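Residues per chain are reported as follows:
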Amino acid sequence: MNLAEGVQIVSFGLLGLMMIGAALGVVLLSNIVYSAFLLGGVFISIAGLYILLNAGFVAAAQVLIYVGAVNVLILFAIMLVNKREDFKPMPNAWVRQALTGLVCVSLFALLSTMVLSTPWSLSNAPSAGDDAIVVIGKHFFSDFLLPFELASILLLMALVGAIILARREFLPDDTSTLQPQRQVFTLQERPREAVPALSGGRIKSSQSGAEAPVTPSDRLDP
Amino acid sequence: MNPGIDLQGSFIQALVQLGLPTDIARLVWLPLPMVVMLIGATVGVLACVWLERKISAAAQQRIGPEFIGPMGALAPLADGLKLVLKEDIVPLKADPWLFTLGPAIVVIPVFLSYLIVPFGQNLLITDLSIGVFLWIALASITPIGLLMAGYASNNKYSLIGGLRAAAQSISYEIPLALSVLAIVMMSNSLSTIDIVNQQAGYGILGWNIWRQPVGFLIFWIAALAECERLPFDLPEAEEELVAGYQTEYTGMKFGLFYLGSYVNLVLSALFVAVLYLGGWESPIPLSLISNWFGISETTPWLQIITATLGITMTLLKAYFLIFLAILLRWTVPRVRIDQLLDLGWKFLLPVGLVNLLLTAALKLTFPFAFGG
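Same order as they appear, the protein sequences are chains A and B. The numbers in this note's numbering rise by one with no breaks, and the one at position 15 of the first sequence is 15. The numbers in this note's numbering rise by one with no breaks, and the one at position 96 of the second sequence is 96.
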């Protein structure tokens, strides 16, 4: 066993451990933000496995799309949702967990029997390695032309649509007839207690019920 | 094998002649370019910080650092030392793991991107066939680190700052990638070496900036926004956000963010030099001069001169761009967040798309000039 093979085996083991550990963390941790960050770790280790398989382009695309786009999107979705829900303790809650576990185990068994029983036809062609981009490009423009064109037209439409949506500005001609009263937009937040920010005299007057107008002389009074 | 200095080959050969097995000799070679690149990047940051202080002082008609070393040249070192010695505080209710991991995730991809920066025909760590694509993919990891730092600080300003920083770097990555794509289309390769070689031969006239002026502007604006340089340093806008996602960071963790942003600036400048300004090529091609004097390109002393000139040229171009960035920082006011997003999505993205389509059309029409 020479140097390169040893490095490959060690890094395969490390990447596998990292991937399985992170994937278990995604499922088992109760903190959803941790799960989202660990998902990034799973994607990164999959990219590492792609590099070990001599597929550099796929690895870079994996990092760009899954880590850079999908995972960041998930994180944004988690961090921008401002909703807190208290779960009530339920009787027989373990039934759900047991059922979920059963479904997962049976799915795993099904997939592993499928993997073991299928006669995989392995290709004997040498891996493309550094020429992978050229090979992928040729496939795109020969035998996968239709799906490639369809996907790119769809994506282009989505992109142009997003630009048009962002550029659209509402400029009604006559505001008095179209919009009689303006709706006041408020942030969707949990209601919070008002903090008395002014001096002590101001609080007293508001507690007594009479909303005394603050005059400049009031403010100057110590 | 292309002509030029083969440092790796000669180093391994020398070690093998000393009696080491080939595998061990390769193993000894392996960390050398990486360490050289790490040291180079760090020294580049120190030079950058010193330049920033000197140029900002000149812009404000004062002197700047003066007493620490000759002309204050050791001031950035003193800054670094101060950051190392400061107390490392983790806020009480912060998430200690994510809080520590955040700066690392921001810094590591930036340093990894130095893998593909070429300083000469053979003077780079590795010539990957997916070169520039790797850089764009690695740059897309940074928002996760920013979000992590913002979330873990347990501070509203940090969270908002992290979200803003991530939104900014996502929106400016698309125009950046589009302008790079136009270059890639012209040079038929993603490898940085091929991109520079495509611009070689005609000296300053062959550089991509003349064929891609719009792409150059888009790239430079987007790169500045990616590095969070003014006028785009919204994530740490001190008036509105009290330093954004770095509010709670002290000591070396803050230093890592600082280091990361400067390393990223140097890296972006290097990439502009490689993609648009001819990389290591000098304005007057050296091969032309050597042909006039009738010297073969494989002469050893000429190769050493070529390599030295290549490194010098790359650094000169990069530091010229850094000078521009610093000057920009001290003359241009900061944009608002809605202006920033408007500029990215409504202006740079359509212009980048049109630029890409125009490049494709020109490539089909004039294949001799646009790399057909």
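There may be inaccurate statements among the hints.
[Stated by the list, open to error] Under the rule of at most 20 Å between Cα atoms (straight-line distance), these lysine to any residue pairs were calculated in the SDA-like manner: (1) 93(B) / 157(B); (2) 86(B) / 346(B); (3) 346(B) / 160(A); (4) 156(B) / 81(A); (5) 156(B) / 34(A); (6) 54(B) / 229(B); (7) 346(B) / 358(B); (8) 138(A) / 150(A); (9) 346(B) / 165(A); (10) 54(B) / 71(B); (11) 346(B) / 79(A); (12) 346(B) / 161(A); (13) 156(B) / 247(B); (14) 363(B) / 158(A); (15) 93(B) / 138(A); (16) 138(A) / 346(B); (17) 346(B) / 163(A); (18) 156(B) / 92(B); (19) 346(B) / 167(A); (20) 346(B) / 78(A); (21) 156(B) / 79(A); (22) 138(A) / 188(B); (23) 93(B) / 155(B); (24) 346(B) / 34(A); (25) 346(B) / 162(A); (26) 93(B) / 156(B); (27) 156(B) / 78(A); (28) 93(B) / 31(A); (29) 363(B) / 141(A); (30) 346(B) / 156(A); (31) 363(B) / 134(A); (32) 138(A) / 157(B); (33) 346(B) / 158(A).
[Stated by the list, open to error] Some chain A residues well away from chain B (every beta-carbon gap over 10 Å; in silico): (34) 26; (35) 35; (36) 72; (37) 80; (38) 91; (39) 94; (40) 97.
No wet-lab data here; the hints were simulated from the structure. On a predicted model such as this, the values are computed, not experimentally measured, just so you know. Built from N, CA and C at the ideal position, the CB exists for glycine as well.
Which of the listed hints are not met by the structure?
2, 11, 14, 15, 16, 20, 24, 32, 36, 37
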